[in-house]
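K.L.:
Can you make the complete structure from the sequences, with help from the hints?
Number of protein chains: 2
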Amino acid sequence: MINRIMTALSDKNEINGTSNISSPQQDVTKLTSFLARARFLLVATILAVIIHQPAADADEGMWLLDHPPRAKLKNDYNFDATDAWLKHVMHSAVRFNSGGSASFISADGLVMTNHHVGSGALQKMSTREHDFIAPGFYAARREDEVKCIDMELNVLMDISDVTGRVTAAVTPKMDFAAAQVARRAIMNTIEQESFQATGLRSDVVTLYEGAQYHLYRYKKYTDVRLVFAPEKSIAFFGGDPDNFEYPRYDLDICFFRAYENGAPARIEHYLKWSAAGASDGDLVFVAGNPGHTDRLHTVAQLEFTRDRRLPERLDELRRLEVLLRAYSARSIENARRAQGELFGVENGRKALLGELAGLQDPAIMSTKRAQETRLRAVVSGENGNPWDDIRSLTKTEDRIFTDLGLFERESAFHTRLFDIARTLVRLADELAKPNADRLREFRESNLDSLEQHLFSEAPIYNDFESLRLADSLSFLMEKKGGDDPFVQKILDGKSPVERAAELIGKTKLSDVAVRKALAAGGRGAIAASDDPMIQLARLVDPAARKLRKIDEQQVDEPMQQAYAKIAHAQFKALGPDMYPDATFTLRLAYGTVRGYQEQGVAIPPLTTIGGAFAHAKEHKNIDPFCLPESWTKHQAELNPSVPLNFISTADIIGGNSGSPVVNRAGELVGIIFDGNIESLVLDFEYTSEKARAVSVHSRGIIEALRKVYGAGQLADEIEAGDVKR
Amino acid sequence: MINRIMTALSDKNEINGTSNISSPQQDVTKLTSFLARARFLLVATILAVIIHQPAADADEGMWLLDHPPRAKLKNDYNFDATDAWLKHVMHSAVRFNSGGSASFISADGLVMTNHHVGSGALQKMSTREHDFIAPGFYAARREDEVKCIDMELNVLMDISDVTGRVTAAVTPKMDFAAAQVARRAIMNTIEQESFQATGLRSDVVTLYEGAQYHLYRYKKYTDVRLVFAPEKSIAFFGGDPDNFEYPRYDLDICFFRAYENGAPARIEHYLKWSAAGASDGDLVFVAGNPGHTDRLHTVAQLEFTRDRRLPERLDELRRLEVLLRAYSARSIENARRAQGELFGVENGRKALLGELAGLQDPAIMSTKRAQETRLRAVVSGENGNPWDDIRSLTKTEDRIFTDLGLFERESAFHTRLFDIARTLVRLADELAKPNADRLREFRESNLDSLEQHLFSEAPIYNDFESLRLADSLSFLMEKKGGDDPFVQKILDGKSPVERAAELIGKTKLSDVAVRKALAAGGRGAIAASDDPMIQLARLVDPAARKLRKIDEQQVDEPMQQAYAKIAHAQFKALGPDMYPDATFTLRLAYGTVRGYQEQGVAIPPLTTIGGAFAHAKEHKNIDPFCLPESWTKHQAELNPSVPLNFISTADIIGGNSGSPVVNRAGELVGIIFDGNIESLVLDFEYTSEKARAVSVHSRGIIEALRKVYGAGQLADEIEAGDVKR
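So the protein sequences, as listed, match chains A and L.
3 is the number of the first residue of the first sequence in this note's numbering; add one for each residue after it.
3 is the number of the first residue of the second sequence in this note's numbering; add one for each residue after it.
No lab work stands behind these hints, which were simulated from the structure alone.
One or more of the hints may lead you astray.
Heads up, the list lumps identical chains together, so a pair's fine if it works in one copy or across two of them.
[Claimed, not checked] The list that follows gives simulated cross-link-like pairs (lysine-lysine, BS3-like), each with its CA atoms no further than 25 Å apart:
| id | residue 1 | residue 2 |
| --- | --- | --- |
| 1 | K635 | K622 |
| 2 | K274 | K222 |
| 3 | K692 | K496 |
| 4 | K397 | K482 |
P.N.:
Right under this line is the structure:
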């Protein structure tokens, strides 16, 4: 899966405002996306021109919606990307703020995304008595649709360039610290002005790593209800073994409905359903929110990612995977509680392993070295030596990396309750400051979104929180040494297990009313609180803030300035037709439905419903290759030749999960849910040789809804684009 | 499980001669036991006297068979440990050289051990077509018994004190390097003389960390055949979740038969079966081979174990666990291939986590600090300051720790085929030297055992070897950095995956004839070999040997001398009634069958067959809580009140798995297979509060053999102690 794991909630994006505090689901995201920073980006096409001399069919690029590759589309595919076409696609695309993509597919607010994107919401609404994940769900009647907890959907309304205002605020005479403060201030201010003027969610997005700043305005939907989810066993058929593989046979879909004022939202722009769906050789477009790419990272940065960042994150993920698996194996209820996070962890582990394998491949690194050598020659003399600056900045980053992870990114306190406590502690401190001076996630224009998460009624299980907190306190002790004085303060004379049990047992922060009272009480209430989790967050916060400041002022800001130098030189030398690295904002990718060769065997581009049954049989129907009863029961009615999944050369990455795949006419032909193993290298380098985006086919969806799930009404709405009732 | 993981094949024991090259099973053992070194041992009872003032019921101690706690047994239990009783138990006890314990239970060479001790052998004899692990096995007729591959059983025949000879060879004037060489030489020589004189396997065992050296002579059995194994699902009922837990319901047993000259070995000393078995309150004895304890480690050593050794090993184990689980999930055959190693890894992970939790508990560490402070006072002035010496030696160890793991302990080359290659390379070099100068594992008296493993016909699966080698080469790259010149030489310009595929694909070492030819050809054949794995082993060996030399001469030898100073002072001050830390040699423990309190709930000492069915039902019969069909089918015939498992206060640790549990009369009342979670702390400190050894009950075994497995003939032999036919 290429899902939420690799998406929005990287530290940088938090600061850019796409997120606020993290939900339980997001804890995992945070853990993994720490390394998945969309931090230093340049333009891949330029390098591609320099190095690759790409074939005409190189369908590279995650393009800005207001800067599409019109000429290339015209030249390669004779396709005219008109303003009207682009606007329709842009307004039909939906972002799951929890870290995925989606689209409107009916005038009545029907939203389609992946099951694995929606599963965070399913997990939050599930209880011991009623699980929404394993057995699935279908609301045949509107009144049976179930409201989600703390969900936020975003629809991009417009984009404007604010580069001039941002760069004017940061003068060349400023040192890095002053520059970082000034940049943050102007971004917070622009967003607040925009929010006050329009009422829309307003995010300043850093593009081309500081060469450009765009203001993205979103319409928000926060009343979102579950309509349909298939059983997990067909949504994630083949499980971890098949994840990131192809051929594939997954019904990885989930339907929600956006509401406004208690009624289904009336939607002007939604995608019409394609009855035929995708066929071999078709041109297709993907409109979604790729979370993060590293394509233009310098070699020094890539080496740091290879030797430090990925290995450490993978160790953390494996640690969590083993912990959660052992917990899950103890009882059915444990397994239910942990399933969301466990899926995220396994998915992240497999994705990052693929990325690491790419960076450990000398062929890829030598390509990157050659690219850099040539690029250096192109821009030499114009801009000093930003490459050497970046190499030296990675040394600073290396020095703070472990502590930053432990204290600022909360690797040492892996529980939702600590995250809540810290948010409350910081909220009190930050609200006392003018908007311009606040940490990005506490800027005025983001407070609504932040509070929605902070006051979420999502269930919290003390045993599950204790388990993870104890393990992460043990992790802290391992990393810093058991005799470290700060560690000893944190543990308060107890073992990690005892300390975790005490903190989780005594904190009252599971109660949303307690959170609200503390938030309302401001600094006085925080200072007076005897809640042990609040006290722990207060104990840790000065150290965490100090590390964050070093990171922002001694790593990020100078790094950004160095990358901006490279980007500006490129713009000047090679023109403006380039796309920035991914930033969990809306992008347009395109490609062809096409198979590939694997060790001499041709992998066809489409799989079928019949193939799913064959795949199960081949594995003797043993979990995770066991089709749900609903499918085996209705096998005779299903048309085995209906396509279920298909692949294309579109340029995607984590965060694109749930993206609509549309044809020339802008009709929906499928929905992205994965990339194959060979696509994981897209983080660094586009290739259409074997890398493929994997989608569910529109025909397979309708076939399953009608014949397996008896969801004719839903299928009717989808096919008609509206409800007749 | 407290099994092989924690047993023989630590580096020190290899050097002491209990092992040779490692089997696939042993690769795991090596990995985990690296940290489980029985290196620096002192005497726990003395400290116990100083610190604990133990209650009369403190059943502490893993006693030498020639130095049992006669007075204490007489005083606490009114039991006379006579020479005859001790001799009978000693000769009835059997050591699985692969890392577990066992006993003779019939005059016809019948050997009982745990399923999880025997499973290494089961794995080696299994094929895609015939798995011995999941479905189990029973040879009703003698001629159906299946010969095991490369198995070696040891029976301790006598013990003699050679301390004088060893210490005389190492003079005070020698520096550490010379001392290490001299010590190795005299040990190799003593063993070879003994072997030549008696034909018995002869191992000099370092006890009290160098204060004493004893020569252990063993009768070896290498023709060993499988008689009976239950299904894995009942042998390991409850799986990883129940492992190290209590109450428990496992039939963790396995029967083999020792042969000599093609016929069942006639055995004089075997254990008679107790019809009644163990009852609440009974005094019981355990005769087995505890692998390793750290009880008398100094605080500096324990801190190193807590902050460095255990965390790193756990990261390696988790890494392997995730790798093997993902591989296993892909197909049923994969799962079969990986099951032995995966069990070992999961077991090791759970055991080490328990140990780490102990060391991360400030209560335990402050006890250890207090003990050390008092001990320092007792011996102060007599012996310099060995504690400070040890603290400084841990710094040297810290410096070489990672590299030693990668290159000498083969963490970077996790495949049986590299291990074979390295053994061949070293064999050629070592055989060219006089016996006294050889690395311990290549001493003349050990060559038979070494060759048995080296020329083992155990199956090797290229995909499985490639998987692990690729992952460990990636691990190497992560640890040393991708640009490290030595790493680049090892990878030869390829990615870890490609390099592993090349090495495994091209080496011919899977063929035992090739190994034999290379071994016979000596240094010339090795030098001329174009086998890529041999070439890799040659490339790595100089660096590995250099690290080993530093470890032996700059860490081990001075560490040993420092600990010996402490031990001698203790002997002098407090008398000789003490037991050494565990060394995977035969020890006698004792204790009482007794329950304990867990959060106010009394845990009774015995479980029953009926309890097993209830436990399965409670977990809805979902794997690993699913009883095999043989049990559910015969449920009606089984007596639900027959005891299945029981616990006692006997002092055990990993390596004791399979140890016979005997009553006052020397009759077998059960077989050790686990310790509870609370017992994992026994590595550092004995406690009888909650720590318990877990055994299968003799009555449960007979009940299952007769009523579930129709193995009446086997049950008859066991109960009679002989075969009537």
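K.L.:
With reference to the structure, classify each hint as holding or not holding.
P.N.:
We went through each hint and held it up to the structure:
no. : hint        : in the structure
1   : K635 x K622 : both (17 Å within a copy, 24 Å between copies)
2   : K274 x K222 : within (22 Å within a copy, 78 Å between copies)
3   : K692 x K496 : between (53 Å within a copy, 20 Å between copies)
4   : K397 x K482 : both (20 Å within a copy, 16 Å between copies)
In summary, this structure violates none of the numbered hints.
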